[in-house]
Amino acid sequence: ILNVEQSPQSLHVQEGDSTNFTCSFPSSNFYALHWYRWETAKSPEALFVMTLNGDEKKKGRISATLNTKEGYSYLYIKGSQPEDSATYLCAREGGGGADGLTFGKGTHLIIQP
Amino acid sequence: EPEVTQTPSHQVTQMGQEVILRCVPISNHLYFYWYRQILGQKVEFLVSFYNNEISEKSEIFDDQFSVERPDGSNFTLKIRSTKLEDSAMYFCASRGLAGRTGELFFGEGSRLTVL
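Which chain is which? The protein sequence lines are A and B, in order.
First residue of the first sequence: 1, per our numbering; consecutive thereafter.
First residue of the second sequence: 1, per our numbering; consecutive thereafter.
Keep in mind the hints are simulated off the structure, nothing from the lab.
Note that the Cβ used here is the ideal one computed from N, Cα and C, for glycine as well.
Check before you lean on any hint, since a few could be wrong.
What the hints assert, rightly or not - For lysine to any residue, the following SDA-like pairs were computed, each having C-alpha atoms within a straight-line distance of at most 25 Å:
1. A:K42 <-> B:I38
2. A:K69 <-> B:E103
3. B:K42 <-> A:N3
4. A:K42 <-> B:G102
5. B:K42 <-> A:W38
6. B:K42 <-> A:Y31
7. B:K57 <-> A:G95
8. B:K78 <-> B:T113
9. A:K42 <-> B:E103
10. A:K57 <-> B:P2
11. A:K57 <-> A:P8
12. A:K42 <-> B:P2
13. A:K59 <-> B:E108
14. A:K42 <-> B:H10
15. B:K42 <-> B:I20
16. A:K42 <-> B:P8
17. B:K42 <-> A:T65
18. B:K57 <-> A:S24
19. A:K42 <-> B:T7
20. B:K57 <-> A:S28
21. A:K42 <-> B:Q41
22. A:K42 <-> B:H29
To be verified - To give an idea of the interface, some chain B residues facing chain A are shown, with a C-beta separation under 8 Å as derived from the structure:
23. K42
24. V43
25. F45
26. S48
27. E56
28. S58
29. G102
30. E103
31. L104
32. E108
33. G109
To be verified - Restraint-style ranges between C-beta atoms, simulated for each label pair:
34. B:D63 <-> A:G54: 40 to 48 Å
35. A:P8 <-> B:L115: 29 to 37 Å
36. B:I38 <-> A:H12: 22 to 30 Å
Work out the full structure: start from the sequences and follow the hints.
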């Protein structure tokens, strides 16, 4: 059974502070790691897809890193804003022709003004 | 901006009834997916579809489930005889030419309630 774990489960952060959270996944037979941002009553929206060990990607104030050897990825948000409040999902994509994603439970981020 | 659309947004059905959930993926996308999320649980993969056939399915996707792309635009999920445990939010997603290095684009989901 593939288990993608995200921590923490929920997080309250003051507006303006920076924060980060973790996704850990089985490193064997790895193909790609996805991060999605999911606001209530909307569809999940892709942030990053990373495939290579050491990958770092950035989109505005949000960035992510990937370590495929030890099986983890970090998502960083710099200078949190209220609009960053959402659930952040990571999903692992396996190799060997499998093209379904295995999702973690998500980190629910609340930015407090 | 192109988007994935799903209908209905909410369907209530009696146990044992057939349900069809509809999705219109982004028009030039090639890979199509159904996922579901039971309340309070993880998003779970059901099935992927490419080149007019299922490319992968999970253990959840048993004989009660089927998918179809009948007309080149719609992508449907049919549950033949619904059970209480099929109650969930069902998400359709599509992926473009980048294939397995590309991101998935999700619809807003169809909430299925089985009574």
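Next item on the list: Grab the minimum C-beta distance from S58 (chain B) to chain A and call the hint holds if it beats 8 Å, violated otherwise.
Entry: 6 Å, holds
Notebook entry, point to check: Taking 8 Å as the limit, does the beta-carbon of K42 (chain B) come near enough to a beta-carbon in chain A?
Noted result: With a minimum Cβ separation of about 5 Å from chain A (threshold 8 Å), the hint on K42 (chain B) holds.
Notebook entry, point to check: Does the interface hint hold: is E108 (chain B) within less than 8 Å of chain A, judged Cβ to Cβ?
Noted result: 5 Å, holds
Note to self: Is 29 to 37 Å respected by the C-beta to C-beta distance linking P8 (chain A) and L115 (chain B)?
What the structure shows: 36 Å, holds
Notebook entry, point to check: Is the straight-line distance between the alpha-carbon of K42 (chain A) and that of T7 (chain B) 25 Å or less?
Noted result: Since the Cα atoms of K42 (chain A) and T7 (chain B) sit roughly 14 Å apart, the hinted pair holds (cutoff 25 Å).
Margin query: Tell me if the straight-line CA distance from K57 (chain B) to S28 (chain A) falls inside 25 Å.
Written below: 20 Å, holds
Margin query: Can you confirm whether the C-alpha distance between K42 (chain A) and E103 (chain B) stays at or below 25 Å?
Written below: Holds, because 17 Å separates the two Cα atoms, which is no more than 25 Å.
Check: Under the criterion that the straight-line Cα-Cα distance not exceed 25 Å, is the pair K57 (chain B), G95 (chain A) satisfied?
Finding: Judged against 25 Å, a Cα distance of about 15 Å means the pair holds.
Note to self: Next pair to validate is K57 (chain A) with P8 (chain A); report whether the Cα-Cα distance is within 25 Å.
What the structure shows: 21 Å, holds
Checklist line | Agreement of K42 (chain A) and P2 (chain B) with the hint, judged by alpha carbon distance not exceeding 25 Å | finding: At roughly 15 Å apart (the allowed maximum being 25 Å), P2 (chain B) and K42 (chain A) satisfy the hint.
Checklist line | Straight-line alpha-carbon gap K42 (chain A) to I38 (chain B), limit 25 Å | finding: Distance ~16 Å between K42 (chain A) and I38 (chain B) Cα, so the pair holds.
Next item on the list: Take the C-alpha atoms of K42 (chain A) and G102 (chain B), compute the straight-line distance between them, and say whether it is at most 25 Å.
Entry: 20 Å, holds
Comparing the model with each numbered hint stated earlier shows that all of them hold.
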